Each structure stands twice: as structure tokens, then as C-alpha cells.
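Peer 1: Please model the entire structure based on the sequences and the hints provided.
Chains as they are written, first to last, in my numbering: chain A, 1 to 333; chain B, 1 to 288.
Because the hints were derived from the structure by calculation, they are not lab data. If you're wondering where the values come from, they're calculated on a predicted model, not measured in any experiment. Glycine residues also receive a C-beta, built at the ideal position from the N, C-alpha and C atoms. The reader is advised that the hints may include incorrect statements.
Residues from chain B that face chain A, not an exhaustive set, calculated with beta carbons under 10 Å [stated by the list, open to error]:
no.	residue
1	ARG33
2	ASN36
3	LEU93
4	VAL98
5	THR99
6	SER103
7	GLU107
8	GLU228
9	VAL230
10	ILE231
11	LEU235
12	PHE271
13	PRO279
14	SER280
15	LEU282
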Amino acid sequence: MAGFRVDRSTRESRWFAGFLVLVFIALATLPYWGGPGDMRLVSEMAYYLALAQLWNLLAGYAGLVSVGQQAFVGLGAYALFYLTSQFGIHPLVAVALAAPITAAISLPMALAVFRLRGAYFAIGTWVFAETFALGVSLVTPLGAGSGMSLTPAIMTQIAPDRAGRELILYWLSLAIVALVCAIVYLLLRSRYGLALTAIRDSETASDSLGVDTFRTKLTIYVVTAACTGMVGAFIFLQKLRLSPEAGFSVNDWTVVVIFMVVIGGIGTLEGPIIGMLVYFGLREMLADYGTWYLILLGAVAVVIMLTAREGLWGLVARRFNLHLFSVRRHLTR
Amino acid sequence: MTDWLNILLQGALLGGLYALFAIGLSLSFGIMRLVNIAHGDFIVLSAYIALAFIQATGINALASLAIVVPLMFALGYALQRGLLNFTLSGGLLSPLLVTFGISVIIENVLLQIFGADIRRLHAGAIETDSVAFGGIAVGVYPLLVFAVAVIAIAGLQVLFYRTALGRAFRATSDDAGTAELLGIDNRHLYAMAMAIAMIFTALAGVLMAIRTTFDPAAGPIRLIFAFEAVIIGGLGSLWGMLIGGMVLGIAQAVGAALSPTWQILAGHIAFLIVLVIRPSGLFPHTRD
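Peer 2: Right, dumping it as C-alpha cells:
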């Protein structure tokens, strides 16, 4: 091994890290120079980016293509609504508690769906989400089919006035997306990241070299579930109302997220960011076209999968050999 | 007692329809390891094609099969040859996400053309006719659907084990590379597999549309029913699909008897129980 040097960061990645810090500071000060509409949009972009990074970690790195992530969005949201209304827990504490609660539910669930391989795994996770949605609609303390609301008494715990609440929730959305991105980034830089790369390249080979593939995948699945649950709780803290259809919506919390990741570039950390920006750009432009907009998104996803599997970012990265996040290891003599 | 017997019988007959849902999904997986996420949407698309022809010509819903089946056969061939074959080399993600995109496209195109109204097809008196078995009245139509499912699976068995095409399917399923070396054109064979899968999808779509209502968003739950029937029955098992469909149908019928809100949930729970206790299904045949 002597004579080799392992580099984790590149010149571009250090520049990009600085750029990210600047963007983050600019967004954190948005309340002082932007309107409430801007704050709402940025906050929505933030939680969608978090969902996209999480789905990307699962599908793009761990090879666990789930169509059932809405299960965790819904479970996290229900955890928030139940804890605040039944036990009077502070809503921000409840958002944090949503993570361990969803993780605890995801563990036995994983043991069942991990018995399915590949695409059947995808549909299996979807069945679980449907089961939760139908199950919740039978439980009266959870509002049954008609859902629950966060009362003003609960919301004033965050801040007494509306403007103060909007400010706190806005900053919370930035904090959550930063936290989620940091978790994903650090996981990929850790030995789990190496194990995942090995599994992606050859599951059999990495198994025989001592990588515990089952355990690695299980860890990623549960961590993703916990983070998704926390994001879900935050989303519905903003929305104030929760119903089984809204909380467990496959279209809102999974379909859209998959499009973002696929268009931006699956299996890279840059891809979900690009995909999220493209998605919101298209949405602002084509909002009046309703169904045609979804048809276009579907068609774009199909074309990308057929012609440029690594997405928009993949094209850029290959053309310019550009990698902005330092999750790789560079070997030099 | 006859009440419960009745529920079990109705559920078992409903299972025939679910077995028809399952055939298309199972065929494309068995032969080319392709899981078609848009499968449920193709079932609903078949129902809408039938609806369009019925509205244009006034023919009976069952007669519309004469048009819908060949149309879906051609569509299946073209789809596989022109699009899906190009996804098969790219691992798991590519076919999954392409069919996922197709699913969203079909749903929204149907919504654009036909609107969100709930539809149903009418087949005349056969819908309400019934025959008596002991003390239990059984609908002629559910019996007919069940018979179609049994004939369909028997037909597939003949196709797979008695014809040259079936031999080629089995060879490709076992080892696509070797089959190609021995002169099998996989591109054509895969297209034929999808075309044949679409015959059953069309059949399932029209027969479903006479029995229950449908709308453009009705596809995904049909995909889930098909999937549950396949997994309960056991991957790769022909008659397992029928048993899987019947288990699912009976679970749903029992659930519905308890409370209408329990119908679908009971089916999911039955599936999850099988998944936990017997992950390879009741009649496992192939390993994936």
C-alpha cells in the first residue's frame, strides 16, 4: 500500500462545499428580503429535496427500489398528530420523535418485504403503504377516514403569532433538509458507502468478501424510513390537516420524488438536486396544463431511462468528469 | 352456515378474475424477468378501449373482446419490441422505471380523453342471471369468468409444454444467452411473450369492467391484486395463480362480510401473512 495516497475531496468538491454554504446562508436570510410566497416555495423545495435524497439513497445506492415511501411520510405525520393531540407533546419534539417511531415500524416491515426481490420488492412496499392507509382509516383515535387537524392550541406552542410560526417552520425546513443531506452524505462516506458500492457492483462478490449485505441494506432501509418519517411529520406540521389519502398518497410522496431522482440522475448526490430544480421549474411553467404536465414528466422519465440512464447530472459528470460531492476515493501514487 | 358457504363461494369465484389479472404480470416476469408496473393500467386501458368501441358501435361488451384482444396483442408486441426490449440489458432499475413512467402516462391520457367519471360496461341479462346450487344462488357471470380463468391457465399449460413456441419460452426463461446461441431470436420471442400476456390483460380488463366500475386511476390497485395473487400462489406456478387469486378473493369476501371497509384490507393482510409464513408462496415453482 505504500506509495499510494487516498484522496477524499477534489478541488471542485471544496469549491462546491463553499458554494453550498453561501446558498444556505442566502436561503436562511430569505425571510428578510423575500415574500411569504417565496418562503413557502423554498420550504416545499427543501422537503422534496430531502425526500429525493432519501429515495435516491435507497434505490440508487442500496438497490432497494421502493414505491412505498409514502408509508413513512404518512406514519411520521400520524405520529406527530397523535403525540401532540393525545399527550400534549410540543410539536417540534413530536417531529423529532417521528423518526424513531417510524424506524421502529419499518424494522419488522423490512423483514417481510426483504423476502421479495427487485421489482416485486417495489410492489411489496406499496402494499404495505396501502395497508397502513386502510388500517389508519379504521382507527377512531387517529380520526378514522376523515383525518385529524392540528388545533390552534397546539400550533401556538411553536410561537404565539402566525408570522413567528412561519419563520420558525421555514428555518426548520432548511434545518431538516440540511440534516437529511448530511446524514446521506456521511453514510455514503462511511464504510456503509463502501459496502453499498460493493453490493451494487456485485452482490455475490461482496457477500463472499465479508460484506454483510442483508445487514447493510437493512440499516439503510431503517435509516431512510426514520428520516422520511421525520420529513413527513414536518410536511404535515405545515399543512395542519392530515387524512389517510393525503398522508399515504403514492403520487405526492413517491411518484413525484422518483421523477425528480430519475430526471436528475439516480445514484449520484447531485442528481436529486438537479431533478428537484427541473421539477419545480417545469411545474411553475406548466402548472396550467394539469394532466399534460404529468404525461410530459412520465415521457421524460421514460426517455431518460432509455437514452441516458444516469440522468441529466450523469451527462454533465461524464462530459466534464465533474463530481461535486466527495463521496469517492481517488487513488494517486 | 349457508351464509358463510355463500361468501366463500363468491370469494373463490372472484379469485378467477384475480387469476386473470395475475397471468399477464406473471408471464412477463417468468419469461423475461420484467415486472410491468403499468400492468394494472393496461387492464384499465383495455376496459376503456372496449368502452370506446361500445359507444361507437353499440355492440355487446363481451363481443367487444373480438376487437380489444387483437388490439392489445398488437400493442403488446409493439411495446416490447419497440421500447421494453431496450430496457432489459440495464439491470433492475431500467424496466421498473420505464414501466412506471408508462403507468403515469396511461393514467393521465385516459383522464384527458375520458374524464374522471366512473364507468362500467354492460353485457345484458348475463350480468344478473343466476343458477341454484343447493341453497346457494350463484351468478352465471362470476361462474363464466372463473371458467375463462381455468381455460386460460389450461391453455397456457398446453402452450408451454406442447408447442414449439412454449419450448422456446421455457428455454429463454432458463438461459436467455444459450437459447439465443441455439437460434432463438430473443427480441421476437420477448415481443411474443408480451403480446400473449396482453391477450390475458385484455380479457381481464373487459371481464372486470362488466363486473365492477372503473376510472382512469383504477390501474394501480389491479396491479396490486395481480401481484398478491402471484406471490400467494408462488412465483412461476401456473395453477398457483388460480389458487392465489382464490385465496385473495376469499380473504376479500370474508373481509367485506365483516364490514365494507375491510374488504381490500383483508386481502392485503392475507398476502402479508403468506409473505411472512411462506415467502415463496403456496406452490413455489421457480426461483427468481
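Peer 1: Taking the hints in turn, state whether each one holds.
Peer 2: Evaluation of the provided hints:
1. Checking B/ARG33 against chain A by beta carbon gives a least distance of about 8 Å; that is within 10 Å, so the hint holds.
2. Because the beta carbon of B/ASN36 sits about 9 Å from the nearest beta carbon in chain A, less than 10 Å, this interface hint is met.
3. Checking B/LEU93 against chain A: minimum C-beta separation of about 6 Å stays under 10 Å; hint holds.
4. A least Cβ separation of about 5 Å between B/VAL98 and chain A falls short of the 10 Å threshold, and the interface hint therefore holds.
5. Of the supplied interface hints, the one on B/THR99 holds, with its beta-carbon coming within about 9 Å of a beta-carbon of chain A, less than 10 Å.
6. At about 8 Å, the closest approach between the beta carbon of B/SER103 and any beta carbon in chain A falls short of 10 Å, and the interface hint on this residue holds.
7. Residue-level restraint check for B/GLU107 holds (minimum Cβ-Cβ distance to chain A is 8 Å; threshold 10 Å).
8. Proximity of B/GLU228 to chain A holds as hinted, the smallest CB-CB distance being about 7 Å (cut-off 10 Å).
9. Hint status for B/VAL230 relative to chain A: holds, with the closest Cβ pair at about 8 Å, below 10 Å.
10. The closest approach between the C-beta of B/ILE231 and any C-beta of chain A is roughly 7 Å, which is under the 10 Å cut-off, so the hint is satisfied.
11. A least Cβ separation of about 8 Å between B/LEU235 and chain A falls short of the 10 Å threshold, and the interface hint therefore holds.
12. Given the 10 Å rule on beta carbons, the hint for B/PHE271 holds: about 6 Å separates it from the nearest Cβ of chain A.
13. Hint on B/PRO279 holds. Least Cβ distance to chain A is approximately 4 Å, under the 10 Å limit.
14. Because the closest C-beta pair between B/SER280 and chain A is about 8 Å apart, less than 10 Å, the hint holds.
15. Violation of the interface hint for B/LEU282 is found here, the shortest Cβ-Cβ separation to chain A being roughly 14 Å, above the 10 Å cut-off.
Of the numbered hints listed earlier, the single one contradicted by the structure is hint 15.
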